[in-house]
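Asks: Read off the chains here:
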Amino acid sequence: MRYLRLFGVFLLTALSARMEYRANFLAALVIVLLESLGMLFGLFLFYQNGYDLGGWRWQEALAVMGVARFLEGVFASWLNPNLQKISERVQQGTLDYVLLKPVDSQFWVSVEGFAVWGLPSFLVAGLLLAYAAGTVGMNPLYLVLALALATLLFYALAFVLATTTIWFVKLYNVVNFLGAVLWNAQYPVSAFDRPFRLFLTYVLPVSFMTTVPAEVALGRKGPGFLVLLALLAGAFLLFSRVFWRFALRGYGSASS
Amino acid sequence: MTRRFLLGKFSVLVGTFLAQNLAYRGELFFWVLAQSLPLIFLGLWVEAGPRPGLDYARYFFFAWLAGLFRPTGVADYLGYEIRTGRLSPLLLRPFSPVLDHLADQLSLLLVYLVLGLPVAGVLGALFPGILAGLEPARLIGYAGFLALGFAFHFALGWLLGALAFFLERSEGFLEAYYGALFFFGGLAIPLDAFSPGLRRFLAWTPLPYAVYHPAALAAGWPGARGPLPLVLWTLGVAALAGWVWRRGLLRYRAAGG
Chain A
10 MRYLRLFGVF LLTALSARME YRANFLAALV IVLLESLGML FGLFLFYQNG YDLGGWRWQE
70 ALAVMGVARF LEGVFASWLN PNLQKISERV QQGTLDYVLL KPVDSQFWVS VEGFAVWGLP
130 SFLVAGLLLA YAAGTVGMNP LYLVLALALA TLLFYALAFV LATTTIWFVK LYNVVNFLGA
190 VLWNAQYPVS AFDRPFRLFL TYVLPVSFMT TVPAEVALGR KGPGFLVLLA LLAGAFLLFS
250 RVFWRFALRG YGSASS
Chain B
6 MTRRFLLGKF SVLVGTFLAQ NLAYRGELFF WVLAQSLPLI FLGLWVEAGP RPGLDYARYF
66 FFAWLAGLFR PTGVADYLGY EIRTGRLSPL LLRPFSPVLD HLADQLSLLL VYLVLGLPVA
126 GVLGALFPGI LAGLEPARLI GYAGFLALGF AFHFALGWLL GALAFFLERS EGFLEAYYGA
186 LFFFGGLAIP LDAFSPGLRR FLAWTPLPYA VYHPAALAAG WPGARGPLPL VLWTLGVAAL
246 AGWVWRRGLL RYRAAGG
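Keeping their order, the protein sequence lines are chains A and B.
Plus 9 on top of the position in the first sequence (first one is 1) and you've got our numbering.
Plus 5 on top of the position in the second sequence (first one is 1) and you've got our numbering.
The set of hints was computed from the structure by calculation and includes no laboratory data.
What you are looking at is a predicted structure, and each value in this text was computed from that prediction instead of being measured.
Hints may be right or wrong, so weigh each one.
Claimed, not checked - A few chain A residues facing chain B, derived, Cβ under 8 angstroms:
(1) 36
(2) 54
(3) 179
(4) 185
(5) 189
(6) 201
(7) 204
Unchecked claim - A short list of chain B residues far from chain A (calculated; beta carbon distances all over 12 angstroms):
(8) 17
(9) 100
(10) 139
(11) 144
Unchecked claim - Quick list of the computed label-pair ranges, beta carbon to beta carbon:
(12) A/13 to B/118: 46 to 52 angstroms
(13) B/202 to A/248: 49 to 55 angstroms
(14) B/125 to A/247: 32 to 38 angstroms
C-beta atoms are modelled at their ideal positions from N, C-alpha and C, and glycine is treated no differently.
For reference, chain B alone in the conformation it holds in the complex (with noise of 0.2 angstroms):
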């Protein structure tokens, strides 16, 4: 991908699925509500939690708009598109049809940023003082822990939109990974309430570095880790799905081939 590809076609492709997804905006802001909804668990800590009310809606606020950084969808659309035979025609042009992925999802994120606005806007309300006297050297760190967790995930839905080239299904696995990190990456339970046995295992998965270390850096809580083992497993997961993409490649008839 040489620079001006970058600027130029990618560009292109970034505005046309910006326009897209912008034509669908009243359906995309149920999404962005369903992304929200796990801050109705800040309500339960602010109630029953040890810390004061505003640092677990300081947490809440970063650990949900670190969620919104998660492209989904990746997998669920390549898939349908190898098994459809969909992905033939855009075979044909001069550069991956997974860029147009990555176009779809950054402007994806552009829309929920606006359509989060008003979710933001309420906490803000709720919390006076919500976003006082945050460190600017801790908000750098965070956007590079939201960038790496966009890739993380942006090559996990790769990778399994891939395997649609080898089997039949595997929305199954997304839906059990989503579920884990619900649970066990902080979107609804800050992880420091967990066992410290069971954080030492967590640390190993990349379950806590998408939205508990970066919002807990973010809202200055102690014990936030750095993002090393995220980079692994991303590299780890890229070159897996890049390796499986060329392998499918080579298989793929299209349909009725």
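So that you can see chain A by itself, here it is in the shape it has in the complex (with noise of 0.2 angstroms):
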């Protein structure tokens, strides 16, 4: 309860410091349109061609581009700007102050800020899961769930990539990887080759974050994989604690 009080209390105050960059907003809005834009038309390229994308249909395609441009918005508004705060804690020695204070220290540096400019890519992301659901219909309770479960899995993985800076210091390109990460998210995993299919299932869980999602909110595949969407999460979300608590023993403060 008392961190569900923090995390608004930090919320708040985030995002009325960020409304004060109006011009930088429109910015960003007009990237993600021409972003969007260029993904889309990747996309269409495939379909206009009639390459065969794995047995997909183009609307269920674009399903999973939405779940994929949702997955950006919470990067943008969310995990991007907390990651980027914990190398800058970790290169000024001030995780010190979170590590004294009686909170836990992964809860504080996980939720401490949120940015604005995630709001373009959510409204895109509605917008292609609307027509997706629209023309062939989805489960809107599994797609709810699954994207959840989807913000949680990635949220594990960008906190063990960004436990790293205690190490490396630096995390500009972590960040930046993560952002690359998402933008190879956008198609169906089954488009691809084997050996890339196996990569994107097994070395980076991609498959789990925006496929299969879109599979199970489409009807492709039953409820059962939402069981296993949760399990992937829960054990990468383990995963993460375990790996931050290993990392804070290898830290050495600013001082010593």
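Combine the two chains into a complex, taking the hints into account.
Replies: See below:
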């Protein structure tokens, strides 16, 4: 309960601080729209030329892209600001202050900042998912559950990568890497050649972040896969926790 | 810039930045990984594209390598130095701070190429014979393209960074440009999949010359164009950057001035 209240306080202060830069927000909106157009165009090329994208219909493939854009919104509005901040704290030694607080440190560094830059991505995601739902039909309950689980999985993966900042100090490129991962998550995994498909499933669990959630919502896969997603997200969350604890043991703080 | 400078001070600069960048090699590896993710699109094209798989593997290998020859961060760092006033002490030295960034980017390139070896190894293992039977003449042309692409992106970074003398922020432009490069430059989609009209339009922009044309040339695909438009773009952007930079320096009063 205390954590929920803290979460609300963080959210409000961050949003009121960010809304000052309206011009920047407009620029972000335009960029996201352009990017989305580019992605749609890239997908359209395959369908226009009649290439087979792993047996997915156009509308179904759009649902995968919608999930990917949703995660992009999660990334821009929630993960990115916090990940940047963690590395800043390690560089400046201010992580010490967080560790001293009587609040769980992983919780604190995970929800400290929020940005409004993700809103345009959420908007595009909503449009894509609504279109897919309107044309080929989706189970709204499964969609919401799948999106929530995909978000948790993505968070855990991002947090594990961000934890490496304790050793690497700089994090700019880790963030860059996560952004690039999302760009590759916008197509159904079954459209890829076998070694790539295995990589996207077992090395980077991208397949479970976009393709599987879309499949469950579309009814291509049964709700049992939601359980699988939940188990996977839970395992990754647990690992991110263990890894964070482990990394903190190696953290020498600013002065030592 | 005399020859003595180039051999002496400049190589010291490159060496210094190399040491500095090597200190962050773990983090830079993530950069190389991020730059390697467009290779995933290779899996899409091998599966769904009309050409044989090895053709695409070759193309994507050379496109990936060309992507590494793209200086990034120049605009960010330069803009940061200008806004925070860190530029001031750098201006006291008898050579331009822009050369720092050139040295930094050259040293980064060396680090990227070494860190990229595992990625190249994986590609080679997935597609045996990826580098067999290449024509040396084409590779020389490819190398020329890479040098030109490096020059263009450095000049672009210089220009956008120098704009910080006049503007608060210009990062949005770069982000949009990189997005365009991803889709219309050939990193993820070989441009010959586009309609002829779109390709004619793109031929006027710098986009297809840093990645698509060099990669198509090296991979032996037909239809690779000469780099003349990019030469003109590079000269134009560099001239503009020099002009903005000099005007900016006149205006610059350091932080607090």
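Asks: Once the closest CB in chain A is found, is it more than 12 angstroms from residue 17 of chain B?
Replies: 24 angstroms, holds
Asks: Given a cut of 8 angstroms on the nearest C-beta pair, is the interface hint for residue 204 of chain A held or broken against chain B?
Replies: Hint holds; residue 204 of chain A Cβ to chain B Cβ min 6 angstroms, cut 8 angstroms.
Asks: Hey, does residue 144 of chain B actually stay past 12 angstroms from chain A on C-beta?
Replies: The claim stands: residue 144 of chain B keeps its Cβ more than 12 angstroms from every Cβ of chain A (closest is about 26 angstroms).
Asks: Classify the hint on residue 189 of chain A as holds or violated, based on whether any CB of chain B lies nearer than 8 angstroms to its CB.
Replies: With Cβ-Cβ at 4 angstroms, under 8 angstroms, it holds.
Asks: For residue 100 of chain B, is the shortest CB-to-CB distance to chain A above 12 angstroms, so the non-interface label stands?
Replies: With a cut-off of 12 angstroms, residue 100 of chain B remains clear of chain A, as the shortest Cβ separation is near 27 angstroms.
Asks: Do the Cβ positions of residue 125 of chain B and residue 247 of chain A conform to the proposed distance bound of 32 to 38 angstroms?
Replies: 35 angstroms Cβ-Cβ, so the 32 to 38 angstroms window holds.
Asks: Against chain B, is residue 201 of chain A within 8 angstroms by beta-carbon distance?
Replies: 4 angstroms, holds
Asks: Tell me if the interface restraint on residue 179 of chain A is satisfied: Cβ within less than 8 angstroms of some Cβ in chain B.
Replies: 5 angstroms, holds
Asks: Is 49 to 55 angstroms a correct range for the gap between the Cβ atoms of residue 202 of chain B and residue 248 of chain A?
Replies: 50 angstroms, holds
Asks: Min Cβ distance, residue 54 of chain A to chain B: is it shorter than 8 angstroms?
Replies: 5 angstroms, holds
Asks: Would the non-interface assignment of residue 139 of chain B survive a Cβ cutoff of 12 angstroms against chain A?
Replies: 23 angstroms, holds
Asks: Should the interface hint for residue 36 of chain A be scored as holding, given a Cβ-Cβ cut-off of 8 angstroms against chain B?
Replies: 4 angstroms, holds
Checked against the numbered hints above, the structure breaks none of them.
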